[in-house]
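Novice: Read off the chains here:
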Amino acid sequence: MSLLKAYHITKIVQSGTSTLTILQDISLEVATGKTLAILGASGSGKSTLLSLLAGLDIPNTGYVTYQGKNLSKLSENQRAHLRRGKIGFIFQGFYLIPYLSALENVILAAEIAGCTHPKDKAHSILTRVGLAQRMTHIPKQLSGGEQQRVAIARAYVIQPELLFADEPTGNLDSATGSQVKDLLFELNREFNTTLIFATHDPAIAASCHAQLHLNAGQRIKAPNNQQGTLAQ
Amino acid sequence: MKVYQLKYLWQQRQATELKLLFGSLLLSMVIISSLNILNYALERKFSYSASHLLGADLILESSRPINEATLALVKDFDLAQSQTVSFYTMLSTKDKAQLVEIRAVDEQFPLRGTLKIASNHSINAAHTPKPGTLWVANNLLPLLSTSIGATVNLGQAQLQIDGNIEFEPGRAESLIAFAPSAIMNLQDLEKTQIIQPGSRLSYQLHLAGPRSVIEAFENALPPSQAIERISPNQGQPLTERLLKKSQDYLGLLIILVLVMGGSAIAISAEHFSQKHYSQVAIFRTMGMTTLNLLITYFGGLLLLGLSTAAISLVISYGLIIGTNALFPQLLNLEYELGLLAPGIISMAICLLFLLSFTLQSLVGLSKTPPLQFLNQVSTLPQPKNYLYLFLTGSGLLFILLSYVNNRALTLMVLSAFILLIAVAYALASMIFYGLAKIASWCWLPLRLGIFNLHKRIADNLLQLVAFSLCFAVLMLLYLTQHALIPRWQDNVSATTPNYFAVNISPADTSKLNEFFNTHQLTTVPMYPIIRGRLIKKNQQRFHPESANAQHRLLNLTYMAQLPEHNQILQGKTWGPELNAKPVISIESGFAKRIGAKLGDSLSFEIAEQVVTAKIINIRRVHWETFQPNFFVIFPVNLIQEVPATFITSFYLPDTKRELLSSMIRNFPNITFIDIDASLKLMNELFEKIGQAIRTFILLTLSLGLMILYASTQATLESRKFESALLRTFGASRRLMWQALLCEYGLLGGLAGLLGTIAAMGLAQQLATQIFDVPYIWDGTLILKGILGGAVLLVSFGLWGARKLPYTSPLEFLKR
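So the sequences go chain by chain: H and Z.
For reference, each letter of the first sequence is one residue, going 1 to 232 in this note's numbering.
For reference, each letter of the second sequence is one residue, going 1001 to 1815 in this note's numbering.
Okay, chain H solo, but in the shape it has when bound (with noise of 0.2 angstroms):
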């Protein structure tokens, strides 16, 4: 059954006195467990099709539904509340909260979604994604790789069903970049997450079921002549 589906969705910004459109028509389909990469060059619409896909924002026309819930009907505190721990994000920038340890981040987040044993939770995480002996640290003390296995650990400790990414390894060496990759695929069959990246990265759109192009926030056929195929 598909958890997540777009019709025809269109974002229009205003800029100035000219319009801008961002993403024009766009569908798709993503079903439980699997994976989704979002390809395009630097302002081909990647991230606002994200938010859009998370409810973060709502499209201009079209709509989005989440487990059959168009979220376009929903105010955005309803729709915060069906985020609550059900939806998961990483983000490039890592974005962990600065003067909290790496321990005290992952279980602020399980506490906000209501998780039982937060602190166990969050310890058995910490320690699945490697970062046993760096509990304590807050994110300054923390390499780039690091911190993003903590914004990996505080998204999963939620067990969300799912979860978005945007550029996750963006910020990462190469060597560091791939670790981070194979963790957040591991974890993904771990707990049959749905899984939905905006990348740049040509190693995990190749280990997505499925791979979206966009260009100038349209869809289009696969550079390379593979066609994007909705993850069903």
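Simulated from the structure, these hints should not be mistaken for lab results.
Note that the structure is a prediction, hence the values are computed from the model and not measured.
Honestly, I wouldn't trust all of these hints.
Stated by the list, open to error - Calculated lysine-lysine pairs in the DSSO-like style (CA-CA distance at most 30 angstroms, straight line):
{"no.": "1", "chain 1": "H", "residue 1": "Lys69", "chain 2": "H", "residue 2": "Lys140"}
{"no.": "2", "chain 1": "Z", "residue 1": "Lys1367", "chain 2": "H", "residue 2": "Lys140"}
{"no.": "3", "chain 1": "H", "residue 1": "Lys140", "chain 2": "Z", "residue 2": "Lys1275"}
{"no.": "4", "chain 1": "H", "residue 1": "Lys86", "chain 2": "Z", "residue 2": "Lys1367"}
{"no.": "5", "chain 1": "Z", "residue 1": "Lys1275", "chain 2": "H", "residue 2": "Lys86"}
{"no.": "6", "chain 1": "Z", "residue 1": "Lys1275", "chain 2": "H", "residue 2": "Lys5"}
{"no.": "7", "chain 1": "Z", "residue 1": "Lys1191", "chain 2": "H", "residue 2": "Lys140"}
{"no.": "8", "chain 1": "Z", "residue 1": "Lys1275", "chain 2": "Z", "residue 2": "Lys1455"}
{"no.": "9", "chain 1": "Z", "residue 1": "Lys1191", "chain 2": "Z", "residue 2": "Lys1075"}
{"no.": "10", "chain 1": "H", "residue 1": "Lys119", "chain 2": "Z", "residue 2": "Lys1275"}
{"no.": "11", "chain 1": "H", "residue 1": "Lys69", "chain 2": "Z", "residue 2": "Lys1367"}
{"no.": "12", "chain 1": "Z", "residue 1": "Lys1803", "chain 2": "H", "residue 2": "Lys140"}
Dock chain Z against the given chain H, drawing on the hints supplied.
Specialist: Here is chain Z on its own, set in the frame of chain H:
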């Protein structure tokens, strides 16, 4: 509020902006609570001193013995009491007789203050003369050609003169005395057989007790025309006005501190919000709703407010109680429940104050959309919501109006600040844009400074408004301390009369003037005094239960020209052309008390005749001049046929004190009243206000510095990145210091200019409205303001940004 929300807030306790928020709130609240408690204490101290001058906290006066019901009520309230009976009678020796005003007192007299009696070359505090003896005013002995130890006849009794009255509480209360006074024991009254049916007597019941009990007693006492109430401040408009002035001044300090504290809190809260937008956006992606966030932030704020209020109260009470214990003469506080009230009010105000000034920022923060974060625009400020600005303004106004009695003053100061904000904003926008246009011709560091000002125009405008406010407040305090109060003091100190001469017969006026001239004593004109009772307004008798001031006997006078220190507020000028016309001029406070306005007619009973006259002007009287002042003035030739005595006041320097005995000998019928006690009270007040200001200027200055620090910290983050960038391009540290110097110099100079002009405008208003002194404009102050602003801001700005030129470019470019 859940545990994780509390934990999250607790984790942020080290954040600079939270420390600043806590610091500015704590400092504001300590100053405000202390001022509030001090205000309360001053009021108490004044009543206390005034009670000492009166001899009681309340006097009930009647022409008949005080009735049983009233005495029972006094007993119910457990008040200390003392009874006296006053009357005029003749005191005689073998050869001479003299009209005297006798006061027969019981063992408890006086309840407050000290009766000072001189006998056998020493002055002692005393309560009541021994039965069979009498104490007399010092001018009575020459009048009777007798001395201490002699026996005099009073009615059917013979009493021995046992001492001279040096100071008698309550005596200065009525400046008019028809005859020298004498004090006898109440037990001897009966044997004098003076009290006969029809005798004109004044029975007084003196009462003393805690203020709250006295107030409750006064409320419980049914109004009666037969009993007149005399309270310590009544009939002492000077004391009342001094108290009001000091309260107005403390009120002004409270307004200034609230405005500054509010600015510091608002800046810190805004800084806090700016830093937390991206974190809130993360919380939103995790599913936290606006309500959750509002609960988190406002819950934290409530905890911060409560703990700050509690700490500030402990500090304030510590300060006040400590001062009271170390210098008991200074405050003279009585520890009753009343003292808790200002503390509890401060606590509530603390929370409201904090809420008002953080509302806009925290609501904005809680409404951060998660999208902001994904689009990497997380530091964009939230659009301002005018509803919250309005709520902040209303909160401040409510706090001010509940704290400060003088509403006109509050509104004036607030309007001035609003005007300052608007002008600062408009002018600075123009100047920043103008500078940006000419920047390309400027010296490189100056150009960089101008670019910085222009680039962060929104932040810089906010900083400028905050600095200007800060400067206006500091400059206003400076001007008040150095220009207004000294001038006010000059008005009253130098040769302010310290003696009144009353009961001067028309025949004595020229001789007394001659005496003053011979001995070069500073004096004021002699004014005629006629006793009269106000009975009707616009032909309507005053209601018997209305305020007793309306029924008091008044000292009326007549004159062709108003004294110099009287200023006409409403109505026509006063001059010889009004001679014999049925018109009067009345004092503004008196007009307010009896509810009279221009054009009303008042009727007086004067020497058993009724005189009705129309009010043609209302005057303001400068009571601090210590000159004879009158509530009601008639023109000449209207009541002139009524016999009058004359009154004047004069300054007798310490070096000429010995002249007093020669005056008493030469003018035995004139009563000389020493008002040094009142003058001392006033000097004491000046001292107290001076001390309060000195302490609070320091505290307020630290609050101002906190604002400067908070504002410089607010832009530090964005500066770090730019500094790193400039360093990457090879900019030298010297260039960066110079650019910072130019930027803060320009900003500080402009803030100094605007703040000084605003302070001067306000000082001019305060000079006329509170202090009654002329304000002299000093143009050099503007220059000093510009320079002071630039120096202060450069020092603080550079200190706040001291690490910028030394930070490694790599560290920031990696971000």
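Novice: None of the hints should be skipped; say for each whether it holds.
Specialist: Hints, one by one, checked against the model:
Our distance criterion of 30 angstroms between C-alpha atoms is broken by Lys69/H and Lys140/H, whose separation comes to about 40 angstroms. For the hint pairing Lys1367/Z with Lys140/H, the CA-to-CA distance comes to about 28 angstroms; that is within 30 angstroms, so the pair holds. At most 30 angstroms may separate the alpha-carbon atoms for a hinted pair to count; Lys140/H and Lys1275/Z meet this at roughly 17 angstroms. Restraint check for Lys86/H and Lys1367/Z: the C-alpha separation of about 22 angstroms stays at or below 30 angstroms, so the hint holds.
Straight-line distance between C-alpha atoms of Lys1275/Z and Lys86/H comes to about 27 angstroms, which keeps the hinted pair within the 30 angstroms bound. At roughly 35 angstroms between alpha-carbon atoms, Lys1275/Z and Lys5/H are farther apart than 30 angstroms, so this suggested pair is violated. Distance hint between Lys1191/Z and Lys140/H is unfulfilled; the C-alpha atoms sit about 99 angstroms from each other, more than 30 angstroms. The hinted pair formed by Lys1275/Z and Lys1455/Z meets the criterion: a straight-line CA distance of about 19 angstroms does not exceed 30 angstroms.
Only pairs whose Cα atoms come within 30 angstroms are accepted, and Lys1191/Z paired with Lys1075/Z is accepted, the gap being roughly 29 angstroms. This hinted pair checks out: Lys119/H and Lys1275/Z have alpha carbons roughly 27 angstroms apart, not beyond 30 angstroms. Under the criterion of a C-alpha separation no larger than 30 angstroms, the hint pairing Lys69/H with Lys1367/Z is consistent with the structure, at around 24 angstroms. As the CA atoms of Lys1803/Z and Lys140/H are separated by approximately 19 angstroms, the hinted pair is consistent with the 30 angstroms bound.
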